[in-house]
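Chains as they are written, first to last, in the working numbering: chain A, 1 to 246; chain B, 1 to 383.
Among these hints, one or two may not hold up.
Unchecked claim - If you want the footprint, here are the derived chain A segments under chain B, 3+ residues with CB under 8 Å:
id	region
1	15-28
2	32-44
3	62-76
4	105-113
Quick caveat, the hints were computed from the structure, so don't treat them as lab data. No residue lacks a Cβ here, since even glycine has one placed at the ideal position from N, Cα and C.
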Amino acid sequence: MAKWGMVIDLNKCVGCQACTAACSQENTRLPGENWQDVLYYAEGQNLTWLPRPCMHCENPSCMHVCPTKATYKTEDGVVAIDWDKCIGCKYCMIACPYGVRFYSDTKPLIAPDVRGAFPGDGKRSWAPPYRLPEQFEDAKHGVGVSPSGVVSKCTFCYHKISKAPKGTADLDEDNPATKEHTPACVRTCPAKARYFGDLDNPQSRVNQLIRDRGGVRLLDQTGNKPQVYYLTGVGGSVPSSRAKQA
Amino acid sequence: MSAQLNAPGRLNGPVLAMGLAGLVVGIAITIASLMYSGHAAFNTTNDGVSWGLPVAVYVFFVLASTGLTFVASLAMVFGMREYYPIAKRCVWLAAATLIAGFASLAFELGHPFRMLWAIPLSFQISSAMNWMGLFYTLYLVFLLLKFSRMHAGDWDSGASRNLGLASFLTVIVAHGTLGLVFGMMAMRPFWYDGLMPIYFLATAFLSGLALAVFITHLAYGFSTQNMPARIAALLAGALPRVFAFALGLVILFVAFRTITGLWSNADGLEAFHWMVRSPWFWIEAAALIVAFYILMSPGMREAARPQTVASVLVLAAIAIGRYEFVIGGQVVPLFKGTWVPGLIEYVPSLTEWMIALAAISLALALYAFGEKALDLGAEPKAG
């Protein structure tokens, strides 16, 4: 079984937000509810940025705090949410060091609240006319439009990667065999700053990059051990602080 | 006229009426706004403050309940018989405040009814929240069983004593696990502390003592002349001294925790600067210090009015402290970049205040009902 992971090359990332837009379209997110986001920071006189999906940690604190095991680790290394079990206590949002989780029943991050124009249908908290096709919706892995009163987050496009041929080392949009199984943010990145593959396979491209270019993990001191690695170096850096004192 | 107004029990009717009125208004507005706009009626957002005022109210009430059981346990578990005259009242009020806390939390959850089956069927043993829920539920059961024994006049049989001990032990574990819910969060340094359960223990005991003092005075119309001699003796003797000791301990806790937070520059501790910039922190500090001064002054410590003032000041300070504790752990954003350039701003919405009103009113109504119907001033027969 694969252990899926991602490498993001900060030397290549141009901060265009194409990944954010692709994720929002693929996964039908509300405006501002960016499972995948590119965060901008002012460091000195410079503007810098950091693409930030869910880290799908090896040792996820969100999973350990979830009282109902609604957040769990799949066999292929993805941190998923079972919406049928989530009670909306939001403890996972408290425990995630990376702020990647979103509660579906709250004020919208960006006004106006488009849910008013597309009211929910019981199963979904809102029902836009264009959304992830029904055959891909999967409440057990938190894929699709969230129901009301639950927490959602990036799934590594589980509806795509879980259908990949067994034993695949890399999910690459340039390979016709794996193109449709590649997460939307990876597939759309115009600078090809993202790589996706099996962290348990020594031959995978992600492992080569981590090894050869010194991949680092965000907030490694928390012990969550992300399965998303960043390549820094010239032109790229991982921000060290989360907030300026107001 | 004045003696008539101060007669014992005269305030039970008005308190019950106030409680029921507040409950009806609070619940009606809360349910209406939740039905109309769901939890968007709260000012908690996906920017980072996920737990708002209803969680602070929950923490306030369940720890007040914990403290009241500690006070009752001085008699029920530790054999200090001078506390028996307030034990039944404390046990009833402990149940009332616990139920009020649970009610506040239920309005905050996305799916409170799903919780009833999802937690037992998929119990995550590593989640402190589960253990907190389990032990607080067990505690409520033991507390009600103990109360029913006391109400039947069985104070000292083996079974009754064991129920008292069971309530005490379960609430020790329950409040400890509540401390761990926050204290285990290494990613939130404002909360991260292995000694958080001990901090909760001290502040819980203090809020229990303050409530015990206040409610005893309320029950007897704020006049020691109306009190049975044994209660008047307790209020002029051991109780205010224990109250002063617990208050002094909590003042030290708050002072050292704040100084450490302000001095340290670990990422996330900016919340302490947020805390001390708020006038509420200084109101809290002043209330604690004035109450401590009252309780350390021999002339005032034993008098009804200053004692009542001290208990109100302490309850207000603890309530502010619970709010700044719950919100303070969340005001530093976790990876939001320039989307949230400073600290996260949060002010409770009207709906959240209505949940607080409903919880306070529920506790008051349950208390006044007990006072009217359940003879809360009863104590064991001498001998």
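Status of the hints after comparison with the structure:
Remark: the region 15-28 of chain A is not confirmed as covered by chain B, as 0 of its residues place a Cβ nearer than 8 Å to a Cβ of that chain, below the required three. Proximity of the region 32-44 of chain A to chain B, defined as three or more residues with a beta carbon under 8 Å from a beta carbon of that chain, is established by the 7 residues found. Against chain B, the region 62-76 of chain A contributes 7 residues with a C-beta closer than 8 Å to a partner C-beta. That satisfies the three-residue criterion, and the hint holds. Coverage of the region 105-113 of chain A by chain B holds. Counting CB-CB distances below 8 Å, 6 residues qualify, and the rule asks for three or more.
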